[in-house]
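**Q** My request is simple: use the sequences and hints to build the entire structure.
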Amino acid sequence: MVVVHQLAELAECKHPLHIAIGMFDGVHIGHQAVIETCQKSARNTKGKAAVLTFWPHPSHFFKPEDPVPQIMTLKSKLWTLWHRGLDYTIVHPFNESIASIEAEDFVKYLKESVPTLHTLYVGENFRFGKGRSGDINLLGKISNDQGIDLVSMQPCNYNAERISSTRIRDLLKEGRFNDTRQLLGHPYTAIGEIESGRGVGRTIGYPTLNLDWSPQLRPPYGVYAVRVFSYQLDGSDSKTLKGVANYGIRPTYKLSDDPVLEVHMFGDPLWDSGERVAVELIEFIRPEKAFKSPQALIRQIDRDVESAKKALKSRS
Numbered sequence: 003m004v005v006v007h008q009l010a011e012l013a014e015c016k017h018p019l020h021i022a023i024g025m026f027d028g029v030h031i032g033h034q035a036v037i038e039t040c041q042k043s044a045r046n047t048k049g050k051a052a053v054l055t056f057w058p059h060p061s062h063f064f065k066p067e068d069p070v071p072q073i074m075t076l077k078s079k080l081w082t083l084w085h086r087g088l089d090y091t092i093v094h095p096f097n098e099s100i101a102s103i104e105a106e107d108f109v110k111y112l113k114e115s116v117p118t119l120h121t122l123y124v125g126e127n128f129r130f131g132k133g134r135s136g137d138i139n140l141l142g143k144i145s146n147d148q149g150i151d152l153v154s155m156q157p158c159n160y161n162a163e164r165i166s167s168t169r170i171r172d173l174l175k176e177g178r179f180n181d182t183r184q185l186l187g188h189p190y191t192a193i194g195e196i197e198s199g200r201g202v203g204r205t206i207g208y209p210t211l212n213l214d215w216s217p218q219l220r221p222p223y224g225v226y227a228v229r230v231f232s233y234q235l236d237g238s239d240s241k242t243l244k245g246v247a248n249y250g251i252r253p254t255y256k257l258s259d260d261p262v263l264e265v266h267m268f269g270d271p272l273w274d275s276g277e278r279v280a281v282e283l284i285e286f287i288r289p290e291k292a293f294k295s296p297q298a299l300i301r302q303i304d305r306d307v308e309s310a311k312k313a314l315k316s317r318s
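Plus 2 on top of the position in the sequence shown (first one is 1) and you've got my numbering.
Read the hints as simulated data drawn from the structure, not as lab findings.
Beta carbons: idealized from backbone N, C-alpha and C, even for Gly.
Worth double-checking, as some hints may not be accurate.
Label pairs and their in silico Cβ distance ranges [said to hold, decoys possible]:
1) 45 with 315: 32 to 38 Å
2) 146 with 45: 21 to 27 Å
3) 172 with 10: 36 to 42 Å
4) 101 with 126: 21 to 27 Å
**A** And the structure:
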């Protein structure tokens, strides 16, 4: 997958270009349906499949005092999109230039930027253009005028309710991690650089790697079964290990008020401080809690390790 930051960077693309458009925050099951339809059509026309997304979220432009918190960091979104097997991801800055495009001129802007544009793929509630004045009906009309096909996708449901980024944000705020994972349809992933810790884990026989990771929406504090990968988007082989992680404020030692993601791996660490890794949170094991002594903490970690190994084995 090639990542570009302006539509114009694909101006020289010689293949029919199929573009799925949206924020894709979470890249949840509904988003995946749009992307998969885009990819299938691209293959049928010997074309290329791309996602056009924006960063930061438009709310940072329109309501900087109260922007919409994102489920994913940009790195996590790119990691997840890479796993979808796309040809391109366009991370277009959302700025005054984009915000001021009239809805009637939106497809013309896309076509002028990418002459081989073939088809657009969006959710049926997609809004676009200045003031979000454009809806799916207008998009169909102006796409047709420009000789561009349009595919609009109906929402996906889970437990008779629509899957949406808003619903997933609410679940995360409520601490319902396992429900979040079901709606995402893929592991929730933390991505950051390994940083030096205080070495407390090593003193109790459970050395950890600490991740420099500050999500806008925090998952529940607690213990997780995890898989750890080298963060790479170029298709090269990725080193990987399984492990157990704690995300929280480490109340037994009262080291900080800021949450930290600490990962203990089942095997010799494959990474050094400063390297970037992706940590997939596979299953929530238990909430974080304070222990009366290091010995009590060690006994609980022993149990956590076994629980994590069982969880990972069941999902292998």
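**Q** Hint by hint, note whether the structure agrees.
**A** Structure-based check of each hint:
Checked against the hint of 32 to 38 Å, the pair residue 45 and residue 315 passes, with Cβ atoms roughly 35 Å apart. Distance hint for residue 146 and residue 45: a CB-CB separation of about 24 Å, consistent with the stated range 21 to 27 Å. Roughly 37 Å separates the CB atoms of residue 172 and residue 10, a value that falls within the hinted 36 to 42 Å. Distance hint for residue 101 and residue 126: a CB-CB separation of about 23 Å, consistent with the stated range 21 to 27 Å.
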